[in-house]
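These are the residues of each chain, in order.
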Amino acid sequence: MKREKERGGTPVRGLLPLILLLGLWELTGDPASPYFPPPSTWVDGLRPLVDGDKLLPAIGQTALTFLLGLSIATVVGAVVGTLVGASRPIDRALSPSLEFLRALPAASLVPVAALVLGYTTQMKLVVVVLPATWPILLTCRTARRTLSPVLLDTPRTLGLSRWHRTTKILTPALTPAVLLGVRVAAPLALIITLLVEIVTRVDGLGAVLGAAQASFLSAQVYGLLTIAGVLGFLVNWVVTRAETAVSRRMRGTT
Amino acid sequence: MTPTISCDDLAVTLPGASGPVHILRGVTLAVEKAEFVSILGTSGSGKTTLLRVLGGLLPASGGTVRCDDTAISGPPEGVVTVFQDYAHSLLPWRTVRRNVALGIEARLPKSERDERVDEALTMVGLLDRAEEYPWRLSGGMQQRVQIARALATRPRVLLMDEPFGALDAMTKASLQDQLQQVQELTGTTIVFVTHDVEEAVYLSDRLVVLNGSPADIGLSLEIPLPRPRHQITTKERPDYLELRHRVYEALGHTVGEPARG
Numbered sequence: 001m002k003r004e005k006e007r008g009g010t011p012v013r014g015l016l017p018l019i020l021l022l023g024l025w026e027l028t029g030d031p032a033s034p035y036f037p038p039p040s041t042w043v044d045g046l047r048p049l050v051d052g053d054k055l056l057p058a059i060g061q062t063a064l065t066f067l068l069g070l071s072i073a074t075v076v077g078a079v080v081g082t083l084v085g086a087s088r089p090i091d092r093a094l095s096p097s098l099e100f101l102r103a104l105p106a107a108s109l110v111p112v113a114a115l116v117l118g119y120t121t122q123m124k125l126v127v128v129v130l131p132a133t134w135p136i137l138l139t140c141r142t143a144r145r146t147l148s149p150v151l152l153d154t155p156r157t158l159g160l161s162r163w164h165r166t167t168k169i170l171t172p173a174l175t176p177a178v179l180l181g182v183r184v185a186a187p188l189a190l191i192i193t194l195l196v197e198i199v200t201r202v203d204g205l206g207a208v209l210g211a212a213q214a215s216f217l218s219a220q221v222y223g224l225l226t227i228a229g230v231l232g233f234l235v236n237w238v239v240t241r242a243e244t245a246v247s248r249r250m251r252g253t254t
Numbered sequence: 001m002t003p004t005i006s007c008d009d010l011a012v013t014l015p016g017a018s019g020p021v022h023i024l025r026g027v028t029l030a031v032e033k034a035e036f037v038s039i040l041g042t043s044g045s046g047k048t049t050l051l052r053v054l055g056g057l058l059p060a061s062g063g064t065v066r067c068d069d070t071a072i073s074g075p076p077e078g079v080v081t082v083f084q085d086y087a088h089s090l091l092p093w094r095t096v097r098r099n100v101a102l103g104i105e106a107r108l109p110k111s112e113r114d115e116r117v118d119e120a121l122t123m124v125g126l127l128d129r130a131e132e133y134p135w136r137l138s139g140g141m142q143q144r145v146q147i148a149r150a151l152a153t154r155p156r157v158l159l160m161d162e163p164f165g166a167l168d169a170m171t172k173a174s175l176q177d178q179l180q181q182v183q184e185l186t187g188t189t190i191v192f193v194t195h196d197v198e199e200a201v202y203l204s205d206r207l208v209v210l211n212g213s214p215a216d217i218g219l220s221l222e223i224p225l226p227r228p229r230h231q232i233t234t235k236e237r238p239d240y241l242e243l244r245h246r247v248y249e250a251l252g253h254t255v256g257e258p259a260r261g
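Order-wise, the sequence lines are chains S and R.
Per the UniProt record's numbering, the first sequence starts with residue 1, numbered consecutively.
Per the UniProt record's numbering, the second sequence starts with residue 1, numbered consecutively.
Certain hints may be false.
What the hints assert, rightly or not - Label-pair distances were calculated between CB atoms; the ranges are:
| no. | chain 1 | residue 1 | chain 2 | residue 2 | range |
| --- | --- | --- | --- | --- | --- |
| 1 | R | L185 | S | R162 | 50 to 58 Å |
| 2 | S | L83 | R | L14 | 18 to 26 Å |
| 3 | R | E119 | S | A103 | 27 to 35 Å |
| 4 | R | G139 | S | G23 | 56 to 64 Å |
| 5 | R | G125 | S | L83 | 36 to 44 Å |
| 6 | S | S97 | R | L185 | 53 to 61 Å |
| 7 | R | R246 | S | R162 | 32 to 40 Å |
Claimed, not checked - Over the 10 Å line for every Cβ pair with chain R, so calculated as not near, a few chain S residues:
| no. | residue |
| --- | --- |
| 8 | L24 |
| 9 | L64 |
| 10 | V76 |
| 11 | V116 |
| 12 | V150 |
| 13 | L151 |
| 14 | K168 |
| 15 | I169 |
| 16 | A173 |
| 17 | L180 |
| 18 | S218 |
| 19 | L231 |
| 20 | M250 |
Think of the hints as simulated: they come from the structure by calculation, not from any bench.
Here the structure is a predicted model, which means the values were calculated and not measured.
Where is the CB? At the ideal position from N, CA and C, for every residue including glycine.
Okay, chain R solo, but in the shape it has when bound (with noise of 0.2 Å):
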């Protein structure tokens, strides 16, 4: 199989306020087709700019960054970031509708346009809120939203900067459920940003952990759980707590010391 995006010995380093700052340095990733990955880091472990950078949205400083094959320059048609900040990402001055109708509204005609919008505000169950203004919704409602316009074009990747981190742990575990669903439905490539461990290991089917300054991958770990995975039942599993063992190690827990703050 060919990867769907990848990359290949990229850096990338930024203007920092004394001096430029090495943020990746080395990272290899290559993410097959409806795979699920998840980058796990402490925060400023560069997980967020290796997700920029394979969104196109932020140029890389050295390497290559691929999307079927081809260099990419920007963000690549099918592939589409979803942000943790959906406040700023929601447009307040549009309905839910025409935030989801946002980006194919300009390539699609009306009727079609409408089947797809419905089509996602139904994978995310939101439909009936359709002509609500985003800021009347809840924070879980409004990142559905955000996805749901995400879907909306049909992306072939799907790439996610902490969707969930500002949302209350029942809201989470509901949109992860959700989440999971919705791949299983359209069999999209998913690369997930995340720093909660357990999260990382319920959804994925492989996850990467970024560590050192600059950042490279340190740890890759398959993730063999049997699908569908369940809240409760997964994660009572012998091999998941072994696993979530095995992030946390990598992430520099040991066992045996109170954990620090």
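Next comes chain S alone, as it looks inside the complex (with noise of 0.2 Å):
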């Protein structure tokens, strides 16, 4: 019980120093600065957003695009991760590809699927899902590649099915790793997200906050990368939590 707390607790005494340097700025700034207008004026810069009918649109755009985006990662990177972790010469031959893909910097990707897509939805999927599949596909190769033969050898003996070899024992077993790499591919994905609206201006958040910084609606950019903020925090304590908890279920260590 007691480690549950020290772990899991809300570190919202570790957010103290952003909400001090927040009160500061709402004293000492200036509302009419066109650069770093205090917090209580975000709010305000928002409304015409909210009154639009503007604000909960983009949110719900970016959520899907980044939710579908992470969840087709996920499915691709852990079957792809798994087979290529099964084969020692699979492996061999493809793992240098692979390390340079992961390396390739997601942002450059944005040209390239604007110019074949163009500016649309399958567009920002196509930039999101790349990116996001490495970690995944990464971490999922390597459990693969260490799980034990004795593990493997089980089923066969006691005579379980193809099937049931896959669903019984190889999925739970590789299920931690997959997670470990969501946990790594989901703030990642965020980032793309926004990053590839920004760029574009197709839809969401990060389009909303391109036309705001645009057209120097600043106390509007400050209250969009609140949300933002706010958006990348809890997905990262969801997904946090979500793997320490599977991963010791399913490790079985206490």
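With the hints as a guide, dock the two chains, each given alone in a separate frame, to form the complex.
Here is the structure:
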């Protein structure tokens, strides 16, 4: 129980410096400043978006791209990673290419994807899926490669079918690795989602943020930034909690 | 009697870092029903390889492997292997009960499954720990869970790969006696791989020694000690000591010289 508290307690106290900083900004900031408007003006800056019914759909679009992209990346990364890790020759043959593709900066994909797919939701998805796949694929590959041979022999000697070997042994055994990959991939996917929206202005929070910046609505920019920050914090918190809980259960450590 | 499980002129060659490695050559072994046969050998002599081939987990490179007169390709039904590495063989996300049910849950209705699991856990004396997770149990208990999981499938042949190799001497002795009781109760055929001479002589009806590289069977020895056997009295019998002496010799130890590490 004690341990639970140590690990899972919300770090409210840790946010104190940030809150102090915002407070200081509020007290000393000039409401007319074009660069650093104080926090109280941010809400007013967001009001036109709320009234025009633009903010929630934009958050929805961003969330949809992010979740859909991350889900596709999880499935693709887990399946391909498992297959690559299961075979020594395939692993050796593909590893250099995989390492190169992983190191490719995700942002540089945006122009190529926009060129091929145009300014569409599909383009956004492709740009999010590609970089988010690598962490999941690579952790899953390593986990599959280092899986104990005894764990794979056990269901065979007990006469389990190929399907049951996959669902009852392989899937639970690799789930912690997949979630570890997701934990790395999720913040990355959110960053790329916002980035591609800012650059291409196709829907979402990033597009609104980019538009606000172009129109010198600095209070609105800060307001949107705060929303993006909270979104990122929530995503990270949920994924970390899920990963910790599941891997503790699956690995059976106390 | 027809042998339950047998191999004839078996050869196994595995790929190694510098070309193929010949592990076994010309191994012929036939195990009768309800017999307890031990395979002894120094480490790296191919004992585990032989057991894996008999269990259908590794294909033979030459010769034939039969289970009840049928050539095998893959693990035959009713032949279950128990591994030395119990920690990796038990599923940490399943309770003891659900671990033991792993081999039968897809084939049997729930009521019968529960009955079999209870029966198997009773045989190894762990019924009261059924709802625990395996990683909360001691090493000896975990190995008993693995044995119970094999027993729940009601195997005709139990292949055991140094099952007590990682356990301390006292736990080992008590599990040896438990295994004898289980075999008496179920009439299961047991092939038992070990590098422990005392253990092999104490448990077996017959033992074979693998030696050479590639290995073949160097010594095949009947153990006519009366059953039930007892940890103290059996091991004090002159015929036990005589058999033990012969096995040590077959493994390359010579009398009069100090043993080398």
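Evaluation of the provided hints:
no. : hint                           : result
1   : R:L185 with S:R162: 50 to 58 Å : violated, 34 Å
2   : S:L83 with R:L14: 18 to 26 Å   : holds, 24 Å
3   : R:E119 with S:A103: 27 to 35 Å : violated, 57 Å
4   : R:G139 with S:G23: 56 to 64 Å  : holds, 57 Å
5   : R:G125 with S:L83: 36 to 44 Å  : holds, 42 Å
6   : S:S97 with R:L185: 53 to 61 Å  : holds, 57 Å
7   : R:R246 with S:R162: 32 to 40 Å : violated, 46 Å
8   : L24                            : holds, 49 Å
9   : L64                            : holds, 32 Å
10  : V76                            : holds, 25 Å
11  : V116                           : holds, 43 Å
12  : V150                           : violated, 4 Å
13  : L151                           : violated, 5 Å
14  : K168                           : violated, 7 Å
15  : I169                           : violated, 7 Å
16  : A173                           : violated, 8 Å
17  : L180                           : holds, 16 Å
18  : S218                           : holds, 52 Å
19  : L231                           : holds, 32 Å
20  : M250                           : violated, 5 Å
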